[in-house]
Amino acid sequence: MSRYRGRRSGGSSRLIPFIIALLVAIAAIVLVIINVTKDKNPADDVVDDAQQGDVMPDDTLPDEGDDTTVEDEPQHVVIEVQGDEERYDAVYRVGDTGYEMYTYVESTAKKYADNINAIADAVAGTATVYMLPAPLSSGITLPDALYGKDIFSDQKAAEDGIIGFMNDKVVSVPLNKAMMAHRGEYIYFRTDHHWTATGAYYAYAEFCKAAGKTPTPLESYETEEFPGFLGTFYRDTNESSHLGDNPDTVVAYHPLSTEATLDYTDKNGQVIRWPIIYDQSSAPASYKYGTFVGGDQPYTIIKNPALTDGSSCVVVKESFGNAFVPFLVDHYETVHVIDYRYWEGSVSDFVKTNGVDDVLFVNNLSAIRSSVLVGYLHDIL
Amino acid sequence: MKKLMALVLALVMVLLVCAGCGDKSKDKVIEPEAVASELVDGLNWDSEMVAYDEGDLRYYFDVTDATVIAGYCASTSTTEMVVAAQCEDEAAAQALESSMKQYLSDLKMEADRYQPEEVARVDKAVISRNGCAVVLCVSGDDRAADTVEAWLK
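Residue numbers (the working numbering), protein chains in the order written: chain A, 869 to 1249; chain B, 9 to 161.
Quick caveat, the hints were computed from the structure, so don't treat them as lab data.
One or more of the hints may lead you astray.
[As the list claims (entries may be wrong)] Pairs of lysine-lysine residues, derived as DSS-like cross-links and limited to a Cα-Cα distance of at most 30 Å, are as follows:
1. A:K1135 <-> B:K132
2. A:K1077 <-> A:K1045
3. A:K1135 <-> B:K36
4. A:K979 <-> B:K109
5. B:K161 <-> A:K978
6. B:K36 <-> A:K978
7. A:K1017 <-> B:K36
8. A:K1017 <-> B:K116
9. A:K1135 <-> B:K109
10. B:K36 <-> B:K116
11. A:K1017 <-> A:K1081
12. B:K116 <-> A:K979
13. B:K161 <-> A:K979
[Claimed, not checked] In silico contact screen, one side only, chain B against chain A (beta carbon under 10 Å); selected entries:
14. V48
15. D49
16. W53
17. F69
C-beta atoms are modelled at their ideal positions from N, C-alpha and C, and glycine is treated no differently.
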């Protein structure tokens, strides 16, 4: 038996597989190194950096569409603990500000995503479905030293988890990064669980990016202010004087169109004409968030005669959506608003019957972890 | 040796059968539809109560395929509801009970925010389990707790 069996011929061809294997091994090692250096716990980073007193890097993901590079992390303001702290049933008070204690529930988030995916599948080819998971103040304006407490789940991670469950027919619009970039502004109420209209504006701007629309500059809007607002956190903290002595101001932005009309169908089936921004100057302190789009009605329709292109959208929302909807009025001839907690019907059928172009799910993270609310959404697929 | 192994195996089988639902002599076995409708008929409700779609109940709660479940909910916006279930084993019953407790917690949060008039009703909600039988009842009727307990004795 020859020693050289099968060895003498094709010397250069033996090298090619070896070179290929070597290149693959080098590429694998490089990828492992990249992944290891990217792997961080955002909450730990936030707490550690806050303790050092430095300006915090923002925990960001690569921009959509940029699969290969990580952008430089933008800086955002540090928020210090100011005042005493007290824990209530569902709210944590820090000085004059309440924060909802939030726990991400993956199983409920999956159910929520299944609902959105089902609607996206049903209306594919007819309408584009957008999903905007609105963060809570406890994920954005919470003092830095308190991130990582077990009563506050990481909302950036929650957002990533929720988006991760969406199918490829859903256009997810991440909001955490944009809200963090503006966390030094008045984007959440202190005495209430909602975002302010300014906070909703930044979400609207992110939606515009995703939808290929140009957002109206914030300074273009005429504003109206309703001071003396004491919201849900005031009640949740047993009417703490820390909140009571420092009420919020509801700032509302009027759509540019002055001719747009709003009609809502209330829970008794009555159709009522109402202002898009309602004067709440004389309303009780707890009612002032009701300035937006007539409050929580099962169904609302807003028509803008300044637009005649037949464009339409439907916003499926709970109350966070109220402050968001007015910004859409100047972009669509018709804006439908469905509050899924009170509306009966099928969103999929509604979209097809009404020829809706865009479906926006504007749902806050607290709603997405609620088995009750996700159940209500399931009921109107 | 073979006899010993056979004896051990037999003992294990008996233990497994008994483990399914604890002490069988005390376990309550219910017919969920009958219990739910009797609770609807026997208590006072502010709304007309309508039957849940079984698929909805299986969506709202952690329900195994083998569990038999039925219930009624308010035809208006009140938080009134009654759900009864017979699970195949205690683990399934415990999981269902746990998901019902979470559901009630979420329901209370929603009521607290948007239906404060319903908070008192949700606070009086009853979840009761006996072995593999589980009952949830959200009612303004003060007799609800005793009535549910009577069904699960």
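Here is how each hint holds up against the structure:
Straight-line distance between C-alpha atoms of K1135 of chain A and K132 of chain B comes to about 26 Å, which keeps the hinted pair within the 30 Å bound. For the proposed pair K1077 of chain A and K1045 of chain A, the alpha carbon gap of about 14 Å is at most 30 Å, so the pair holds. This hinted pair does not check out: K1135 of chain A and K36 of chain B have alpha carbons roughly 41 Å apart, beyond 30 Å. Only pairs whose Cα atoms come within 30 Å are accepted, and K979 of chain A paired with K109 of chain B is accepted, the gap being roughly 18 Å.
For the hint pairing K161 of chain B with K978 of chain A, the CA-to-CA distance comes to about 37 Å; that exceeds 30 Å, so the pair is violated. As the CA atoms of K36 of chain B and K978 of chain A are separated by approximately 34 Å, the hinted pair breaks the 30 Å bound. As the CA atoms of K1017 of chain A and K36 of chain B are separated by approximately 42 Å, the hinted pair breaks the 30 Å bound. For the hint pairing K1017 of chain A with K116 of chain B, the CA-to-CA distance comes to about 24 Å; that is within 30 Å, so the pair holds.
Taking the CA atoms of K1135 of chain A and K109 of chain B, the gap is about 28 Å. The hint holds against a cut of 30 Å. At roughly 29 Å between alpha-carbon atoms, K36 of chain B and K116 of chain B fall within 30 Å of each other, so this suggested pair holds. The straight-line distance between the Cα atoms of K1017 of chain A and K1081 of chain A is roughly 38 Å, outside the 30 Å bound, and the hint therefore fails. Restraint check for K116 of chain B and K979 of chain A: the C-alpha separation of about 20 Å stays at or below 30 Å, so the hint holds.
Note on K161 of chain B and K979 of chain A: the hinted pairing is violated, with a Cα-Cα distance of about 35 Å set against a maximum of 30 Å. The interface hint given for V48 of chain B is violated, since its Cβ lies 20 Å from the closest Cβ of chain A, which is over the 10 Å cut-off. The closest approach between the C-beta of D49 of chain B and any C-beta of chain A is roughly 25 Å, which is over the 10 Å cut-off, so the hint fails. Restraint check, W53 of chain B versus chain A: the minimum CB separation of about 19 Å is more than 10 Å; hint violated.
Interface hint status for F69 of chain B: upheld, as the beta-carbon distance to the closest one in chain A is roughly 8 Å, under 10 Å.
Taken one by one, the earlier hints fail for this structure at numbers 3, 5, 6, 7, 11, 13, 14, 15 and 16, listed in ascending order.
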